[in-house]
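A.B. asks: Below are the chains, spelled out letter by letter.
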Amino acid sequence: MGTIFFLILFPIAVAFVLLVTKADAARDVIVKIAAAVIAAASIFLAVQYFKTGGEFYGVHYEWINYVMMAIEACLAIYIIIIGIRHKKYLASLFALIQTPLLIWFELTEGHHIEVVSNMYFDRLSMIMVLIIGIVGSLITVYALGYMKDFQHHHHGEADRRPWFFFVMFIFLGAMVGLVTSNNLIWMYFFWEITSLSSFWLIGYTKTEEATNNAFRALIMNLAGGLGFAIGILILGFVYGTLELSTMITYGTMYSGIMAVPAAFLAFAGITKAAQMPFNSWLLGAMVAPTPTSALLHSSTMVKAGVFMIIKLAPCLGISNWAGLMVTTVGGVTFLLASFAAISQSNAKKVLAYSTIANLGLIVTCGGIGTAAAVWAGVMLIIFHAITKSLLFLCVGTCEHNIGSRDIEDMDGLFERMPRLARFMMIGIAGMFLAPFGMLISKWASMTAFIDGGNILLVGIICFGSAATAFYWTKWLGKLSAIVANSEYVEGKVHKEETFVHGTLVVLTILAVLAFPLISSTTLVPYLEIVFGGLSAMALSANNMIIMVVMVVVVLLMFAFFFGKTKKRIVPIYLAGANEGDNLKYRGSMDKPVDFALRNWHMEDYFGEKKMNLYGGVITTVVIIIGLGMMIGNLVYILTGGAM
Amino acid sequence: MVNVIIGIIAYIVLAPFVGGFLAGVDRIVSARLQGRVGPPVLQPFYDVLKLREKEDITVNNVQDFYVAAFFIFVIATGAIFFAGGDLLLVIFTLTTASVLLIMAAYSSNSPYAQVGAQRELLQMMAYEPMVLLTCVGFYMVNGSFEVRNIVTDANMDFLPLIGVFFGFLFILTIKLRKRPFDLSMSHHAHQELVKGLVTEFSGKTFALIEVAHWYENVFLLGMIFLFFANGTVWGAILGVVVCIVVYFFEVLIDNSFARVKWQAMFKASWIVALVLGCINLFVLYLV
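Residue numbers (our numbering), protein chains in the order written: chain A, 1 to 643; chain B, 1001 to 1287.
In short, the hints are calculated from the structure, not lab data. It should be emphasised that the depicted structure is a prediction, and the values quoted were computed from it without experimental measurement. Honestly, I wouldn't trust all of these hints.
[Unchecked claim] List time: in silico EDC-like cross-link candidates among lysine to aspartate or glutamate, alpha-carbon distance up to 16 Å:
| no. | chain 1 | residue 1 | chain 2 | residue 2 |
| --- | --- | --- | --- | --- |
| 1 | A | K567 | B | D1056 |
| 2 | B | K1267 | A | D604 |
| 3 | A | K566 | B | D1056 |
| 4 | A | K567 | B | E1053 |
| 5 | A | K566 | B | E1055 |
| 6 | A | K567 | B | E1055 |
| 7 | A | K564 | B | D1056 |
[Said to hold, decoys possible] Partial list, derived from the structure: chain A residues whose beta carbon lies under 10 Å from chain B:
| no. | residue |
| --- | --- |
| 8 | L439 |
| 9 | A467 |
| 10 | K474 |
| 11 | L476 |
Just so you know, even glycine gets a beta-carbon here, dropped at the ideal spot from N, CA and C.
Next up, chain A with everything else stripped away, as it sits in the complex (with noise of 0.2 Å):
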């Protein structure tokens, strides 16, 4: 308990020092020490829970209650005034309507409502836990030579970096506490101060076109919001509680019941694990600061959202609206994200896409809400947070030193910078590659669907991974092309940024060594324990062998013999007269001609607009059904229809 309560308030102290170091120097070693605390106390936790299992925790203070709704207030009074000293009315709109809703709710019906524990650890809390004690303080380390070179490449702009490094520690305490709340009402307030932590990092640049984005990822999380405190209602006044456990405990037993304020709830994890028609935000994210989009990619926001659609999979489910809504949403953006991709040649932007569509694919998993589905999803969000935060750090060290983030530009980046591109290509081969880590989620997923009888959703699972494998692998094309006369260029690169890149790649292969261990001792047990009964694993232990020995070999063979030949080396084929340097080639003029190559991007079959148009669409009118239906069961309940 007391290490819960640590890793929430430390991060918060930390950030309040950093709010006021200036020096580089400084703000380098409390960066450093505080990135390594959080990660030795969330893997202490980790080694604490194992121990002890300690489940519930009371936490009966009424004072916590009043300090955060008095923050509450403040931020949505923040919240009202910059709306509108931006002109953007709807984001006061929405703090104006959904603050004062809750914090009346609080001091009347909800004051009356016994929460026996506010606080809970469980074996789900301690995975997140350790995606954000780990890969999220890495990136706060990464961040350091990251925002050394932004500072430079920006120079004569007021240095806002003590401001920057505030935020992203706030979030990580904010982060860490939303997993472990059992209080609804405690979780909402860490969940909206995580939107507006994204907020503040999606902003950071003060460009225009940064504080246009950062108000459209806050409008649409207020969205969310609203639906989070529509979906605490409902609970509170219909069913009479305000605490996840017994909401899940009731889900379990009949998911149908709980599917009112499930939807709501689920309504906002959709919103913030940026599903359609809310990628928008995300991609607008893109703007900020490299370590901005990992932080916010991999081990927190998007995270959140998908944590609380997989939190309350025993109340959705195929059977019942609510689980209809959200896998419909999950899996058509999982199937037109991953084609948008495709079009696109922006490192950033494709990460964007690929991010979106793996949350896709766990907001499925979660809306099918059988066990063996859970398991697919949670084995994604652990790869995705190590892999995608690996592939974002990668692209930012990239883009200061090539001084381009777009994938058409990384030619030759194999003899330019090898350790980075080598890097990129493990974290690539880790995202759709068998035999890594992502495959294996994508795997189980897929006969998680199947065995949910979902035809149209193994559809979209067929078409979505051939778009997958075909926007990886131009990418990895890119970079395996080796172009003569490279320069090289990495000599630059911070060495923190290496130490960090070199830690996820380690992390990635671990993960992919010790899933099988990580499937037995968490998540198996942990699903136990959420849908009763023995639960198997998706895979077979006989493949999870298969896949661990494949590992092995492909590490060995690398470790080897990669790049050693004893062949001699010879210009390619360039059309018969090659000028000898593998650049030009002798052109029908006799006159030396180069020559450029280029990927596709297939506009015309899978334009982002497009694709954008189809999927927003169609997840709107699924959302307005899925909770039009709610409303109406809600009335239906409330006139004193039984369920």
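Guided by the hints, dock chain B onto chain A, whose structure is given.
C.D. replies: Showing chain B alone in chain A's frame:
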């Protein structure tokens, strides 16, 4: 366990001979269709042996690594399949193999090889959905992804999976690198700009790709066999006969079409997967 080991060893030892022999027959049949006599049936083996005599040259120091890894993964694909393993794992392993070959071509940074690699990648995207749907079909009929269960299951999967079968047959043309879908590389000189995907491979490396292709073909015919195997001798005989018929059919198609544009291949494959694959599965689900 003994069966597993026998399956793996038999595949590793015999598949190149079967595959090479089939390639030889292919060349004779093609020649006859074109009014030529054609080479001896063992010509593919002579070619590979000759390639091994060539001077050891390469365009960079990583290409051979990718090709070797490709070769190993192709063998692993077939080995898992003939050991009776999980069909999805088989397909994922094959995907990894294809990606490695594509990377080998990309790594040369040669325009011809890269165009070939990109086309190969496009082909991969074209056939992948149908291949995955085929696996799902087997699962729905047999209740298992394990090849050993699919083979011994008393159902003849061809009938319930008739749509899937023809869908698979369609994309098999891509996988066997036959016209009209031999976009990334062709065995016929008159089809090619240079040599597509394999432009920058030579000597032993090129020989390895040839042999890998034989291994792959045997595995693909194994997939066809699965549609007919029902645990009886008659099922097995029927399966082998259909495999031979299918192979000749592909050779026939190969010689009666010209290469199509990539758009046509891509659209056609996805439409086939949607119509034949998805509808077949949906009907299965309803029944």
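A.B. asks: Each of the hints needs a verdict: does it hold here or not?
C.D. replies: Checked hints:
{"no.": "1", "hint": "A/K567 - B/D1056", "result": "holds (5 Å)"}
{"no.": "2", "hint": "B/K1267 - A/D604", "result": "holds (12 Å)"}
{"no.": "3", "hint": "A/K566 - B/D1056", "result": "holds (8 Å)"}
{"no.": "4", "hint": "A/K567 - B/E1053", "result": "holds (14 Å)"}
{"no.": "5", "hint": "A/K566 - B/E1055", "result": "holds (12 Å)"}
{"no.": "6", "hint": "A/K567 - B/E1055", "result": "holds (9 Å)"}
{"no.": "7", "hint": "A/K564 - B/D1056", "result": "holds (14 Å)"}
{"no.": "8", "hint": "L439", "result": "holds (6 Å)"}
{"no.": "9", "hint": "A467", "result": "holds (7 Å)"}
{"no.": "10", "hint": "K474", "result": "holds (6 Å)"}
{"no.": "11", "hint": "L476", "result": "holds (6 Å)"}
Comparing the model with each numbered hint stated earlier shows that all of them hold.
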